[in-house]
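Chemist: Sequence:
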Amino acid sequence: MKISARNALKGTVTDIAKGQIVAKVKVDVGGQTVCSIVSVEAVEDLDLKVGDEISAIVKATEVMLAK
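Going letter by letter, the sequence shown gives residues 8 to 74 in the working numbering.
Hints are computed from structural coordinates only; laboratory data are not their basis. Be aware that a few hints might be false.
What the hints assert, rightly or not - Restraint-style ranges between C-beta atoms, simulated for each label pair: (1) 74 <-> 53: 31 to 37 Å; (2) 74 <-> 46: 31 to 37 Å; (3) 73 <-> 28: 26 to 32 Å; (4) 28 <-> 65: 19 to 25 Å; (5) 74 <-> 28: 31 to 37 Å; (6) 72 <-> 25: 29 to 35 Å; (7) 38 <-> 12: 18 to 24 Å.
Note that the structure is a prediction, hence the values are computed from the model and not measured. All C-beta atoms, glycine included, are put in the ideal place defined by N, C-alpha and C.
I would like the entire structure built from these sequences, with the hints used as guidance.
Modeler: This is the structure we're talking about:
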């Protein structure tokens with residue numbers, strides 16, 4: 008599969024918290040946690056499970072910082 012996003016972070020699924028419509032998926036990327044909110048349908052279609060090796064692909068038009 009080819010995609011236009013260039014920021015693909017390889018990691019391991021550490022937690023999946025499913026709601027009725029969306030799920031919060033946490034991915035360990037080299038000791039840092041990346042969290043993604045996706046549909047429950049997407050989690051099921053991808054057959055995601057804790058321990059799976061996946062890529063977290065980031066495509067954003069802006070990055071906001073706060074201190």
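Chemist: Now tell me if each hint is right for this structure.
Modeler: Taking the hints in turn, this is what the structure says about them:
| no. | hint | result |
| --- | --- | --- |
| 1 | 74 <-> 53: 31 to 37 Å | holds, 35 Å |
| 2 | 74 <-> 46: 31 to 37 Å | holds, 32 Å |
| 3 | 73 <-> 28: 26 to 32 Å | holds, 28 Å |
| 4 | 28 <-> 65: 19 to 25 Å | holds, 23 Å |
| 5 | 74 <-> 28: 31 to 37 Å | holds, 33 Å |
| 6 | 72 <-> 25: 29 to 35 Å | holds, 30 Å |
| 7 | 38 <-> 12: 18 to 24 Å | holds, 22 Å |
Violation of the numbered hints given earlier is absent; every hint is satisfied by the structure.
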